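A.B. asks: Listed below are the residues making up each chain.
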Amino acid sequence: MTLGLGIRDWGLGAATVVAVLGGVPHAQAPPALDDVLVRMRAYLTEYVRHLPAVIATEQYQQRAGSGVRALRRQLESDYGFIQVPGDLEWLGFRQVLVVDGKPVPDSAHRLAQLFARPSALAIQQARRIAEESARYNIGPIFRTINDPAFVLELLDARNSHRMRFSKSGETAIGERPFWIVKFQETGRPTIIRTRDRKDQPAQGRAWIEPATGHIHRVEATVQPGFGAGNFLGTLDVTFEYDARMGFAVPSKMLEKYTNRNLVTVSSGEATYSNYRRFTVDTEDNLQVK
Amino acid sequence: MARYRQREVAVEGEKGEGRGERGSRAAMRLAIAIAALCAAAAVVGAQDAQQPTPTFRSEASYVQLPVRVLDARGEFVSGLTQSDFQLLEDGRPQTITAFSAVSIPILPGDPAPDVPLAAVDPVASNDATQVDGRVYLFVLDNRAGSDSATLKVRQVVRGFISDRLSANDLAAVTMTGAGRGQTFTRNRRLLRDAVDRFISDPQPESGVHGVLNVIANTAEWMGSIQGRRKALVLVTPGQICALSDPECNEGLRHALRMAVQSDVSIYTVDPRGLVATQGAPAEESDRPAAFSPAITSGPLDGARYLADASGGFAIANTNNLSAGFERIVRENSSYYLLGYYSTNPIADGRMRKNGVTVARRGLQVVHRGGYVAPAVPTSAEPPVAASVDEQLRRLAASGLGLPVSAMPLRVAAAPFLSAGGTSRVAVVVEMPPEGLRPTDEDGRYRLNVGLAVVLADRDGKSVASDEPNIELSVPSAAGHKIMAQGVRLVSRIRVPPGTYQMWVGAVQTPSGLRGSVVTEIEVPDFDRHPLALSGIAVTTSAATRMYTARTDDLLDDVLGAPPVAHREFAVDSDLWIYGEIYDHRSGAGDVTASVTVTSTDGKLVYQTPFEPAPVQFGHLGRIPLTELGVGSYVATIEARSATPEPVSAMRTMAFRVK
Chain A
1 MTLGLGIRDW GLGAATVVAV LGGVPHAQAP PALDDVLVRM RAYLTEYVRH
51 LPAVIATEQY QQRAGSGVRA LRRQLESDYG FIQVPGDLEW LGFRQVLVVD
101 GKPVPDSAHR LAQLFARPSA LAIQQARRIA EESARYNIGP IFRTINDPAF
151 VLELLDARNS HRMRFSKSGE TAIGERPFWI VKFQETGRPT IIRTRDRKDQ
201 PAQGRAWIEP ATGHIHRVEA TVQPGFGAGN FLGTLDVTFE YDARMGFAVP
251 SKMLEKYTNR NLVTVSSGEA TYSNYRRFTV DTEDNLQVK
Chain B
290 MARYRQREVA VEGEKGEGRG ERGSRAAMRL AIAIAALCAA AAVVGAQDAQ
340 QPTPTFRSEA SYVQLPVRVL DARGEFVSGL TQSDFQLLED GRPQTITAFS
390 AVSIPILPGD PAPDVPLAAV DPVASNDATQ VDGRVYLFVL DNRAGSDSAT
440 LKVRQVVRGF ISDRLSANDL AAVTMTGAGR GQTFTRNRRL LRDAVDRFIS
490 DPQPESGVHG VLNVIANTAE WMGSIQGRRK ALVLVTPGQI CALSDPECNE
540 GLRHALRMAV QSDVSIYTVD PRGLVATQGA PAEESDRPAA FSPAITSGPL
590 DGARYLADAS GGFAIANTNN LSAGFERIVR ENSSYYLLGY YSTNPIADGR
640 MRKNGVTVAR RGLQVVHRGG YVAPAVPTSA EPPVAASVDE QLRRLAASGL
690 GLPVSAMPLR VAAAPFLSAG GTSRVAVVVE MPPEGLRPTD EDGRYRLNVG
740 LAVVLADRDG KSVASDEPNI ELSVPSAAGH KIMAQGVRLV SRIRVPPGTY
790 QMWVGAVQTP SGLRGSVVTE IEVPDFDRHP LALSGIAVTT SAATRMYTAR
840 TDDLLDDVLG APPVAHREFA VDSDLWIYGE IYDHRSGAGD VTASVTVTST
890 DGKLVYQTPF EPAPVQFGHL GRIPLTELGV GSYVATIEAR SATPEPVSAM
940 RTMAFRVK
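Heads up: the sequence lines are chains A and B, in that order. As numbered in this note's numbering, residues 1 to 289 make up the first sequence, in order. As numbered in this note's numbering, residues 290 to 947 make up the second sequence, in order.
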């Protein structure tokens, strides 16, 4: 499938973003869930417009196994994500630069170079880099969901028909009120599938500011099936406002995979800093596979 | 057309290659009469680094004789060598083929803290070869006859336990009739608890024969403790029976044969002290005689006969029991152990006299007078053709719960909180390689072991059981590796809270080799404690070397390897301890948990947090054994909280590093 897509620096100032996205409406009656969801989707649309492609420095600590088989790994990576216009997916790329304190040979910041000179080939090359970097993951779970872009994909407007939403509570973060909105994937086939093509429906909760649709946190779980080899995967991503980006960006990601004995067989914690913005030029055509 | 990338999740590979659950027989509800008698199951003992472990062969014609050499003041003479001794049997010189000077130190402190049963690591083995201290088995004769006599028995035995047991000693308690005993342990509290369960049973169904059978069976089993003189302390208020009684005579000779073959010295203790009139203690002489006649000094007394002929002595008709106890300890602390093959090969079951002299002048040699030659076996083993179930039933019913050691077994158990008011008890059963008898035909090793794991209540009634089969058929090369390390199986049994006797039996086919182990376990009511600690499961990185026919997935996941039953670990390995903390308090303060390790002298040698494991309630502690070094230790796992009220929960585990 061919998509018109390119990357360039948008050069938007922080003040502009705040003006567009940060405005708080006048006090009024509590909004309906649908209204909040509309705002959330609008927020994500703006997200794409303002931050179509970013790269951050990721510090990622992974733990796998337990007891005798316990493993730990510290990864330092370039992590970039991009939302491809016209496509349903948010793409996350990870290039591991340092493993347990030791630099990975030939690990120049190739991801940044590719984002700086985007092309169809660049996205494909970014994929290959990410696949190479995946080999540094530890634990028995093979997954491609351990990136913050995944939770945005679940909530994206283009997946709204696959999801059922319900309000489960309210809370305050700082002084700002947030709704806790549950979501459950009902469409088939599901976004996540096992290697043998079995559906793995996702569900979770999102902390959404009702007045603006801003997303503070998303906790997504992948429902396990029954039988040996199944597990419960949980991804918990927190977003924080980044002054340089002028937008709320992923600041922390927690992941956990629990087997049928409710034992966590793999877990990780990643933090993100040093965000750099890239832009998308839709005049170029990129082949995304 | 809209498309999306298919994100993937999958478990890479199949974990636990080479293991899997084997078939389990249909529920075989064994009506196992595990009697209260449970004089078995050795606890891990520490090998004294300075004390070489003598190796003695166990054959029909082989005789082992403990010998004490005393000087003119009655002090033990050390430093003698094999060439100093001359040994005779029925007047004929014998060649000493094994010699060892045994000197067991009396250690202060208590390596196994006086903790209740609920805090004890329930491990057991029928392979009781790892003992470094003295070994005492108290046999309490239930035919005491009155409440005062019962109290006297308790008082006397409690006194020995409190005052005479050294930190490196092992002791067990058993009754000749009703009452639940205590398997071998170093835990004095458990021993005292067992003594306090002793009750009078003046008319036991089995009578004198029952008493003698218990002595014979326990003495026979104690033979599996090698390289040590063992003390069977028979506490009986009065005579057992008279030698002049032909039936009694036969039973006595059988008991003596078992004792002598097993290097067991019998010490008979009349707890009543001085007896003023026949059958009544001095302090009760105004009461009607309610006891059997006192142990006499005459040759016709069965109790004295057993004591004298087995190399022990009788403590009777004296109020100074303490002096006798001190002598028991002394005699079991320093001695020479002589072994020889008798030049008389005839299995006639007759008494043979031993004589021992030393080449030095002025020394007194003390030893038992002789031994009873083996007799031609009259009873055959159960036919191998019997089904495994049937053999297990026979095994369970035989020996009144005594272990059968032909096939070595090691067992450890750990209770965990479960749903529905029950607990889940993980029972680890290990079969060391020396007891496995696989067939090797057509290039394949085949092993078939029928197992029964039974938790029985205090009345010996089975409450829950698991009866798995291990059916192994592998190429010879793989089988050879498996048989070199042994086989392990983890059973999971649900029971309500309570105190149980755990019986594990195994029967191999076609060899018919059998083994059994019995021990006690307390399954706490975790819900009733504000803060509770589960049982503990342990493993090391070496655990995977032993083939695990069936494991507990959860324990395997959190420990990273199958749980083990053995409590002896290689010094270059790491020990991992898993337990669960159940905090039922609401709004209470934080719980801190730790693992502390102490050496046999009570010194703190290692401490580490008991950190949360990746499962609900679970905690893990790691002990790098290189930091401990070779020796014997006790790990104490404790969870505690200071607010709002101080609460704590504790478990202990004795282990050895080699």
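The hints are simulated quantities; they were obtained by calculation from the structure and are not laboratory data. Keep in mind the model is a prediction, meaning the values are calculated, not measured. Check before you lean on any hint, since a few could be wrong.
Stated by the list, open to error - Between beta-carbon pairs, the in silico distance windows are:
#1 A:102 to B:915: 52 to 62 Å
#2 B:915 to A:269: 27 to 37 Å
#3 A:177 to B:932: 57 to 67 Å
#4 A:195 to B:935: 44 to 54 Å
#5 B:939 to A:72: 46 to 56 Å
#6 A:164 to B:915: 36 to 46 Å
#7 B:726 to A:100: 41 to 51 Å
#8 B:452 to A:269: 40 to 50 Å
#9 A:46 to B:915: 50 to 60 Å
#10 A:244 to B:939: 31 to 41 Å
#11 A:72 to B:488: 27 to 37 Å
Said to hold, decoys possible - Below, simulated SDA-like cross-link-like pairs (lysine to any residue); rule was C-alpha separation at most 25 Å, straight line:
#12 A:182 to A:196
#13 B:892 to B:611
#14 A:256 to B:630
#15 B:892 to B:911
#16 A:256 to B:453
#17 A:256 to B:905
Positions of the beta carbon are idealized from the N, C-alpha and C atoms, including for glycine.
A.B. asks: Hint by hint, say whether it matches the structure.
C.D. replies: Results for each hint:
no.	hint	verdict
1	A:102 to B:915: 52 to 62 Å	violated, 26 Å
2	B:915 to A:269: 27 to 37 Å	holds, 31 Å
3	A:177 to B:932: 57 to 67 Å	violated, 34 Å
4	A:195 to B:935: 44 to 54 Å	holds, 53 Å
5	B:939 to A:72: 46 to 56 Å	violated, 30 Å
6	A:164 to B:915: 36 to 46 Å	violated, 56 Å
7	B:726 to A:100: 41 to 51 Å	holds, 48 Å
8	B:452 to A:269: 40 to 50 Å	violated, 57 Å
9	A:46 to B:915: 50 to 60 Å	holds, 59 Å
10	A:244 to B:939: 31 to 41 Å	violated, 54 Å
11	A:72 to B:488: 27 to 37 Å	violated, 57 Å
12	A:182 to A:196	violated, 28 Å
13	B:892 to B:611	violated, 31 Å
14	A:256 to B:630	violated, 67 Å
15	B:892 to B:911	holds, 19 Å
16	A:256 to B:453	violated, 56 Å
17	A:256 to B:905	holds, 14 Å
Figure legend: structure checked against the earlier numbered hints; hints not met, in rising order: 1, 3, 5, 6, 8, 10, 11, 12, 13, 14 and 16.
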